[in-house]
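Engineer: Going down the list, the sequences are from chains A and B. The first sequence begins at 21 in the numbering used here and counts up by one. The second sequence begins at 21 in the numbering used here and counts up by one.
Keep in mind the hints are simulated off the structure, nothing from the lab. Among the clues, some could well be false.
The list makes no distinction among identical chains, and a pair is therefore deemed to hold if it is satisfied within one copy or across any two copies.
Stated by the list, open to error - Restricting the straight-line Cα-Cα distance to at most 30 Å, the calculated cross-link-like pairs of lysine-lysine (DSS-like) are:
{"id": "1", "residue 1": "Lys147", "residue 2": "Lys206"}
{"id": "2", "residue 1": "Lys315", "residue 2": "Lys100"}
{"id": "3", "residue 1": "Lys147", "residue 2": "Lys118"}
{"id": "4", "residue 1": "Lys200", "residue 2": "Lys227"}
{"id": "5", "residue 1": "Lys315", "residue 2": "Lys287"}
{"id": "6", "residue 1": "Lys206", "residue 2": "Lys287"}
{"id": "7", "residue 1": "Lys155", "residue 2": "Lys166"}
{"id": "8", "residue 1": "Lys166", "residue 2": "Lys227"}
{"id": "9", "residue 1": "Lys166", "residue 2": "Lys147"}
{"id": "10", "residue 1": "Lys227", "residue 2": "Lys315"}
{"id": "11", "residue 1": "Lys206", "residue 2": "Lys227"}
{"id": "12", "residue 1": "Lys166", "residue 2": "Lys287"}
{"id": "13", "residue 1": "Lys287", "residue 2": "Lys227"}
{"id": "14", "residue 1": "Lys118", "residue 2": "Lys155"}
{"id": "15", "residue 1": "Lys315", "residue 2": "Lys166"}
{"id": "16", "residue 1": "Lys206", "residue 2": "Lys166"}
Since the structure is predicted, the reported quantities are computational estimates derived from the model, not experimental observations.
2 protein chains.
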Amino acid sequence: MVMIGRRVVARMAVVWKKGMPSRNRGIHTFKDGEKCHFLMSPPLVSLDLPETWGSNSNYYDPQSIPKYSSEHLAATIDGKSIAEEIRSRITSEVCRMKEIIGEVPGLAVILVGQRRDSQTYVRNKIKACEEAGIKSLMTELPENCKEEEVINAVSSFNEDPSIHGILVQLPLPQHLDEEKILNSVKLEKDVDGFHPLNMGNLAMRGKEPLFISCTPKGCVELLIRSGVEIMGKNAVVIGRSNIVGLPTSLLLQRHHATVSIVNAFTKNPEQITCEADIVIAATGVPNLVRGHWLKPGAVVIDVGTCPIEDPSSEFGYRLTGDVCYEEAVRVASAITPVPGGVGPMTIAMLLF
Amino acid sequence: MVMIGRRVVARMAVVWKKGMPSRNRGIHTFKDGEKCHFLMSPPLVSLDLPETWGSNSNYYDPQSIPKYSSEHLAATIDGKSIAEEIRSRITSEVCRMKEIIGEVPGLAVILVGQRRDSQTYVRNKIKACEEAGIKSLMTELPENCKEEEVINAVSSFNEDPSIHGILVQLPLPQHLDEEKILNSVKLEKDVDGFHPLNMGNLAMRGKEPLFISCTPKGCVELLIRSGVEIMGKNAVVIGRSNIVGLPTSLLLQRHHATVSIVNAFTKNPEQITCEADIVIAATGVPNLVRGHWLKPGAVVIDVGTCPIEDPSSEFGYRLTGDVCYEEAVRVASAITPVPGGVGPMTIAMLLF
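Just chain A, with the same shape it has in the complex (with noise of 0.2 Å):
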């Protein structure tokens, strides 16, 4: 309630500030010189600080793996499969909706710059829209475009009533700004669930969003098509991420287990992941999860995709996930491998 007051405060605390030396602009006071204690108590909502992960991936090494049972191998959860199951019955549905409607889905890539793994990512979208069916439309804006050409290109897709999902390829030239363009997609085409209200309404009892992120969607999709029960299970996802972590954790709660979330900030993660049925890694550092972070029988939904140098490799890498498969394998009982394991599921649940 004060707050308000006390942004207006705020605001003429800082007109004041202008006039002072750059050393005194951090403290809050008023134009008599007097200390303004209430804005000095630790912030309630905390400082947002950089998410960074110490990496297991140095002291990784394939001849060190622990003696784990030689007999017990995890099954394979196989994203490529399920995501091709996904996309044919989703093909099927196209075409019956195309017969019973005289229509078909639409979906509008904005794709900005020249980043070649975006040009991938967009490309296999645009692959995948087709092969089910679905109508695709890109518009490509050059690297230097201004903020306005990409809001103009949004707002084109938004009043267009053929097209009913709009994606802006992240992440964006950094002269743009990229929650001021994502907020610009009408929230009924925010197809990646990004917005904040899609977001709350995925967090709260009784409400529903309108999407949810494809990421969390397929890692809980390929649980419940592997026949793993999540209700009353206890999960640990490792990872906070705005598009991965975050709705992750709030969607296995939506069915009902009991999620941990563990970030870079918690002290011996693997006292939290050692108690896990389900563990899902979405960091980004390759290998962090190793084979002792995990209960005997876990299921493990790894969402990593690092590209790791590896000059025998056709390519001179190999994608890595967060989870070292090696030891995994021999204490879950079921994984995903890298890759085909999420990554398929996520460009098939966009389309779902």
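Given the coordinates of chain A, assemble chain B onto it according to the supplied hints.
Structural biologist: Leaving out everything else, chain B in the frame of chain A:
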């Protein structure tokens, strides 16, 4: 994506189903009678199951308290005196605000019906406002009023520039659409922080909610003011209501705690709570959390306030928390009493 088209098809199916025998209404089929498989898989967003907690209260017998160390007693986190300190600071702030900008914050409360507990809560809030010099207005509506009347009351406060926060006292009578009414409160006056956009902004990194629900804010403020470090600590939130459990878990994550959320479906919740440095209980089940649920030295915040019959008490009942205080005080390092813990903080944080 296809979901949108699916909604159109589903609507068509519903229209058609009206002519079907009611026993078939749960099955989504097309006009040709062919089953619509894409609607048959387990719902991804899951079902909204009731949160029914097993109660320990029947089994709690003060004579049966296990023998904990008689020397150790947890420090009391005195919510009453911390709240008084905050309220007195707010009073000075409001006074200063009046001097500087010639205005004070204004709170509007809408009370529908004659519930005695709601009347008490509202009276306490209005009294707290008066004591702090905050302007307060109240609209009382009869139990049987129309939804339109409540929304009109909200709208007029929405338009009133002297009102900065609007509280609709819950629960509302059953014939009123709570969600619709709460959503009619202007976002920038949603002092309860119940709007999904506020919740989404609380959940997402890099975003800021305009308001945070008062009780979660009170819990975290109690920790901060008691010198409890939150960052890197294991925190367990027991309960996941939209009003307390959910925003508390999100707020603790903003403070970089490793948060686990225990719900009514959690098997052996004590296995999770007994690893926690901070336990926040918000279930409404008296004495659910026993001494052996806690790690020695844990900090315990008890949000529960359940009236329990007690002929020896002045009013024939006493307020009981979710935590079995007599046991917990011998294990924890610090604990909030009930009453006098979180309760007074809720009102203080409303003014904050």
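Engineer: Hint by hint, say whether it matches the structure.
Structural biologist: Verification of the hints:
1. Within a single copy, Lys147 and Lys206 get their C-alpha atoms as close as 24 Å, which meets the 30 Å cut-off; across copies the closest is 43 Å, which misses it.
2. Taking identical chains as interchangeable, the C-alpha atoms of Lys315 and Lys100 lie at most 30 Å apart only when both belong to the same chain, with a minimum of 26 Å there against 44 Å between chains.
3. When the C-alpha separation of Lys147 and Lys118 is checked against a cutoff of 30 Å, the pair qualifies only within one copy, where the shortest distance is 19 Å, while the shortest distance between copies is 62 Å.
4. Within a single copy, Lys200 and Lys227 get their C-alpha atoms as close as 25 Å, and across copies as close as 12 Å, so both meet the 30 Å cut-off.
5. Proximity of Lys315 to Lys287 under the C-alpha cut-off of 30 Å is found in both arrangements, the shortest distances being 18 Å within a copy and 16 Å between copies.
6. Taking the shortest alpha-carbon separations for Lys206 and Lys287, neither the intra-copy value of 40 Å nor the inter-copy value of 41 Å comes in at or below 30 Å.
7. For the identical chains of this complex, Lys155 and Lys166 are intra-copy neighbours only, at 27 Å inside a copy versus 46 Å across copies, given an alpha-carbon limit of 30 Å.
8. Taking the closest pair of Cα atoms, Lys166 and Lys227 come within 30 Å of each other only across two copies (24 Å); inside a single copy the shortest separation is 37 Å, beyond that limit.
9. Taking the shortest Cα distances, Lys166 and Lys147 sit within 30 Å of each other inside one copy (28 Å), while across copies they are farther apart (53 Å).
10. Taking the closest pair of Cα atoms, Lys227 and Lys315 never come within 30 Å of each other, the shortest separation being 34 Å inside a single copy and 35 Å across copies.
11. Proximity of Lys206 to Lys227 under the C-alpha cut-off of 30 Å is found in both arrangements, the shortest distances being 19 Å within a copy and 19 Å between copies.
12. Neither within a single protomer nor between protomers do Lys166 and Lys287 lie at most 30 Å apart by alpha-carbon distance, with minima of 43 Å and 54 Å respectively.
13. Within a single copy, Lys287 and Lys227 get their C-alpha atoms only as close as 34 Å, which misses the 30 Å cut-off; across copies the closest is 25 Å, which meets it.
14. In this assembly of identical chains, the alpha carbons of Lys118 and Lys155 lie at most 30 Å apart only when taken from the same copy (11 Å versus 59 Å across copies).
15. Taking CA atoms no more than 30 Å apart as the test, Lys315 paired with Lys166 passes in neither setting, with 51 Å inside one copy and 55 Å between copies.
16. Taking the shortest Cα distances, Lys206 and Lys166 sit within 30 Å of each other inside one copy (20 Å), while across copies they are farther apart (32 Å).
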